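Undergrad: In case you want the letters, here they are:
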Amino acid sequence: MSIKVRYFASLKEAIGRGEDELAFVNTVSVAGVWVMANEDKARPDNILAAVNMEYVSFDYLVNDGDEVAFFPPVTGG
Amino acid sequence: MQVKIVEQAFDPWQEIQQFQNSAQEMSGKFGATSVFVGTMRDFNEGDNVKGMSLEHYPGMTEKQLTDIVAETKQQWSVIDVLVVHRVGDVFPDEPIVLVAVWASHRGDAFDSSRYIMEALKSKAPFWKKEILLTDAERWVDQNTDGYL
Chain A
1 MSIKVRYFAS LKEAIGRGED ELAFVNTVSV AGVWVMANED KARPDNILAA
51 VNMEYVSFDY LVNDGDEVAF FPPVTGG
Chain B
1001 MQVKIVEQAF DPWQEIQQFQ NSAQEMSGKF GATSVFVGTM RDFNEGDNVK
1051 GMSLEHYPGM TEKQLTDIVA ETKQQWSVID VLVVHRVGDV FPDEPIVLVA
1101 VWASHRGDAF DSSRYIMEAL KSKAPFWKKE ILLTDAERWV DQNTDGYL
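Chains as they are written, first to last, in this note's numbering: chain A, 1 to 77; chain B, 1001 to 1148.
Bear in mind the hints are in silico, worked out from the structure with no lab data behind them. Hints may be right or wrong, so weigh each one.
Among the chain A residues that face chain B by a calculated CB cut under 8 angstroms, a handful are [claimed, not checked]:
(1) A50
(2) P72
(3) G76
Note that the structure is a prediction, hence the values are computed from the model and not measured. From the three backbone atoms N, C-alpha and C, an ideal C-beta is built for every residue, glycine too.
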């Protein structure tokens, strides 16, 4: 399976990149995606996750071709 | 319904007029229009702010806003909705967001526009980075509670 991972705003700056492409064999949760992509960096407590542009919890299981996004609390309006 | 993300300064009153002129099916039907315009201040948290940069997640932003408006239409009797939101570099006095709701009666117009605005604040993936008068930059880390 392969997925795209995207980061936004202050999280993108902290990580130093806007996206990753990940390939994996076993089923993985959104929390697992973070660990695969950022093994040396703890996941900040306040970040939110989306899969294919819908909010999900961190135990959501991703599928082949999904776009997973991590970002800080939103501040529009 | 119309949801627009714009990269240039916009005039909310002109947007409302254009939308209303083009939505001929509303003619004679609406008795209440509720409008919220969010504008950039030149201060925040005790500091002078000279500008901000608004980032968003293209695609998810439109999807979330469209979903919010659809939920609103299920909950209130609303004729039509216009949402416009700026991205990019914004300066004090420039509008950031416009929410306009047309309904037959004021209760639906008032309550649904408030709902859309609060839902936008908590769900639509926009992020503000402020540029202070000192040229220091900082991310806004959370929105204030609109009901306080």
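Undergrad: May I ask you to test the interface hint for P72/A with respect to chain B, counting a Cβ-Cβ separation under 8 angstroms as satisfied?
TA: holds (7 angstroms)
Undergrad: Does G76/A pass the interface hint, meaning its C-beta sits closer than 8 angstroms to a C-beta of chain B?
TA: Because about 3 angstroms separates G76/A from the closest Cβ in chain B, which is inside the 8 angstroms limit, the hint holds.
Undergrad: May I ask you to test the interface hint for A50/A with respect to chain B, counting a Cβ-Cβ separation under 8 angstroms as satisfied?
TA: Hint on A50/A: holds, closest Cβ of chain B at ~6 angstroms, below 8 angstroms.
Going through the hint list in order, the structure satisfies each hint without exception.
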